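Mind docking chain B on chain E? Use the hints.
Number of protein chains: 2
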Amino acid sequence: MARTLSVTALEGIGEVAAGDDLAAVLSTALAPLEPRAGDVVVVAHKIVSKAEGRVVALAGVAPGPGALALAARLDQDPRQVQVVLDESAAVLRTERVLIVRTHHGFVCANAGVDASNVPGDDTVVLLPRDPDASARALRAGLRERLGVAPAVCVTDSFGRAWRHGQADVAIGLAGLRPLQDWRGRPDAQGRTMRATWIAVADQVASAADLVRTKDAGTPAALVRGLGDHVTEDDGPGAAVLLRPADEDLFL
Amino acid sequence: MARTLSVTALEGIGEVAAGDDLAAVLSTALAPLEPRAGDVVVVAHKIVSKAEGRVVALAGVAPGPGALALAARLDQDPRQVQVVLDESAAVLRTERVLIVRTHHGFVCANAGVDASNVPGDDTVVLLPRDPDASARALRAGLRERLGVAPAVCVTDSFGRAWRHGQADVAIGLAGLRPLQDWRGRPDAQGRTMRATWIAVADQVASAADLVRTKDAGTPAALVRGLGDHVTEDDGPGAAVLLRPADEDLFL
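Protein chains in written order, with our numbering: chain E, 657 to 907; chain B, 657 to 907.
What the hints contain is simulated information worked out from the structure, not anything from laboratory work. This structure is a prediction, so every number in the text was calculated from the model and none was measured. Note that CB positions come from ideal geometry on N, CA and C, so glycine has one too. Accuracy of the hints is not assured; some may be wrong.
Unchecked claim - Beyond 10 Å from chain B on every Cβ pair, some chain E residues (computed):
id, residue
1, V663
2, V672
3, A673
4, D676
5, V711
6, G797
7, R816
8, G881
Said to hold, decoys possible - Label pairs and their in silico Cβ distance ranges:
id, chain 1, residue 1, chain 2, residue 2, range
9, E, L730, B, R692, 40 to 50 Å
10, E, D677, B, L730, 49 to 59 Å
11, B, L730, E, A728, 37 to 47 Å
12, B, H759, E, A901, 40 to 50 Å
13, E, A746, B, L730, 39 to 49 Å
Isolated chain E, as found in the complex (with noise of 0.2 Å):
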């Protein structure tokens, strides 16, 4: 029989704030679909982070001289860049766009700080804190209240050397296997596959991301059909597919 996979945009998710019960709202736009256990809930992570209350007003921020001469040479609000920085565990380029590794480990640009899709002029959304943990808490609310257990993966637009434009990425997850390694194992012809070790959840990331809309209301999808991926057990979470900077094989 064919492997099919199908994705579906979760509809009618309205503006979520800080204190929503955000497993509540994922349940609501759900029930229609008629969750299972083997399907994963792919959900953006700025409606986690809004949940979450991390959401900081820049009208509250005083930037530093660090904030204060990357934004004149940036051309960027100061606050946001002190927000930037704040988020960061390291800056690695700042050229034409901070480049920086967050205290989670994650490589991106603008330690995921982000102002589109948020209400009010003067708000910046952050990543989770924990987007693990995040993702752990959603699961358990999903099961409470479905039943069923879908695995949930928290997702970021990151932007990739070498290439052109953003792919979504897993920074969060429960219960969806991160990798799968084929290394050491034999292929049709019975030869030991050398470098074959997917990023599955990147890609159940991606997949979630040619569903939704950037400007309408669409943060969140399910993928079905990924069965074999979706374990009983939360698992080590996205947190396994950082790859350690002296272990980098491209820098």
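For chain B alone, coordinates are given in the frame of chain E:
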């Protein structure tokens, strides 16, 4: 209506050899799915390369001094290293694996030269010489046989900086929009979105990889539901996804 995407593995594609009519092979595999104009056919480059004869018997390769030195250091077959060097415009890293820029401009491990899933111990598969041209030729062949012209996306699995594992990307395209640009458009709150430039084709490649298995004969998939991104003309191809090194924010 909920926006839904489906991804289905194409069954029954056997071993492909030089000179095979790949459009005919794919047409047969697609027929049960009743392909339509807005569909995307995603094809792992390996069968494209094989059909095009982009296969090298290592017995006929004489490694030069550079290949011999690198092979000794990396514990690799010097003949295969010579093939990698022949496919490379620049060698970027040599510490644990060869990271190169290919003549096409792709930055990847081993110039995409791969020995897995190849019959015979001493044969390696190269990337297609011009993957965009390969995609256009396949699309024309499908149009001729099917009466409709689904888009064609030729893929390879690339490692990424900073993240573990590989994700599939588009290396050849015909009729699929490579990038979608939301920059400068207003978001739901009327704010201008600053950095939303989506690598649609790479995300399609990743979505398709999720239904493939690396050890079995599923080198192609049909993606349905992306009609908005499929164009009548073949478009600019995957070459526009390449970011020139001097514009790279991550390097």
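Hint check results:
1. V663: violated (4 Å)
2. V672: holds (12 Å)
3. A673: holds (13 Å)
4. D676: D676 (chain E) is indeed farther than 10 Å from all Cβ atoms of chain B, at 17 Å.
5. V711: Holds, since 13 Å exceeds 10 Å.
6. G797: holds (22 Å)
7. R816: R816 (chain E) not clear of chain B: closest Cβ-Cβ about 7 Å, inside 10 Å.
8. G881: violated (7 Å)
9. E:L730 x B:R692: 40 to 50 Å: holds (46 Å)
10. E:D677 x B:L730: 49 to 59 Å: holds (53 Å)
11. B:L730 x E:A728: 37 to 47 Å: holds (46 Å)
12. B:H759 x E:A901: 40 to 50 Å: violated (29 Å)
13. E:A746 x B:L730: 39 to 49 Å: violated (30 Å)
The earlier numbered hints that this structure contradicts are 1, 7, 8, 12 and 13.
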